[in-house]
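Protein chains in written order, with my numbering: chain A, 53 to 164; chain B, 26 to 137.
Among these hints, one or two may not hold up.
[What the hints assert, rightly or not] Below, a list of computed lysine to aspartate or glutamate pairs in the EDC-like style, where the Cα atoms sit at most 16 Å apart:
1. B:Lys40 - B:Glu110
2. A:Lys78 - A:Asp118
3. A:Lys108 - A:Asp118
4. A:Lys151 - B:Glu39
5. A:Lys78 - A:Glu57
6. A:Lys151 - B:Asp88
7. B:Lys103 - B:Asp88
8. A:Lys78 - A:Glu107
9. A:Lys151 - B:Glu110
10. B:Lys69 - A:Asp118
11. A:Lys122 - A:Glu67
12. B:Lys103 - B:Glu39
Since the hints were made in silico from the structure, they are not lab data.
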Amino acid sequence: SQQGEEDPQALSIQEGENATMNCSYKTSINNLQWYRQNSGRGLVHLILIRSNEREKHSGRLRVTLDTSKKSSSLLITASRAADTASYFCATKMMDSSYKLIFGSGTRLLVRP
Amino acid sequence: EAGVAQSPRYKIIEKRQSVAFWCNPISGHATLYWYQQILGQGPKLLIQFQNNGVVDDSQLPKDRFSAERLKGVDSTLKIQPAKLEDSAVYLCATSSVPDTQYFGPGTRLTVL
């Protein structure tokens, strides 16, 4: 079974607006990562937040993590048509393995 | 730096046939992963190699799927015989550190 559940499953916004997507998970984690997948392509790593961090920024991306609620959110500000893609959260467990468990993803459409 | 290479990009076969996918990792990346991504879902880990040894194959259907990583570099994933439910994108990813995985473009398999 998958660890993460993304919400919403699909999101359609106008270019220039902000996009927020959420991820919930079930068990304690070492870190949580967000990946982007353009249609028909592989995944690209966007940002990583560790379990002892609450917020992280990278360019137009802002990620928050609430370990008490076992949830994370990804905010994309001033969206562009090129941001159209599927976004996945992935959690790394507390053990020493490299294993990531991916959620089901949010499909984002940014309309020009 | 060259990315993760995968071939073929697309493959169409009939059920009960066999198929093989190939992955060439980023140079120096010791850890290699094969994922299965069914349409509309997040990637699911099938097998993880550390150099040429298997670290985790708990979700690999071993009655029909096999994978190897000779000499700790290139890897092949084989399905024999294929079933309709094996239709998916097969993603290869590699990493040199625990936290970030680099994905190839994937092989889209259609089983008729």
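We went through each hint and held it up to the structure:
no., hint, result
1, B:Lys40 - B:Glu110, "holds (10 Å)"
2, A:Lys78 - A:Asp118, "holds (12 Å)"
3, A:Lys108 - A:Asp118, "holds (12 Å)"
4, A:Lys151 - B:Glu39, "violated (32 Å)"
5, A:Lys78 - A:Glu57, "holds (9 Å)"
6, A:Lys151 - B:Asp88, "violated (23 Å)"
7, B:Lys103 - B:Asp88, "holds (11 Å)"
8, A:Lys78 - A:Glu107, "violated (20 Å)"
9, A:Lys151 - B:Glu110, "violated (24 Å)"
10, B:Lys69 - A:Asp118, "violated (24 Å)"
11, A:Lys122 - A:Glu67, "violated (30 Å)"
12, B:Lys103 - B:Glu39, "holds (15 Å)"
When held up to the earlier numbered hints, the structure conflicts with 4, 6, 8, 9, 10, 11 and fits the remainder.
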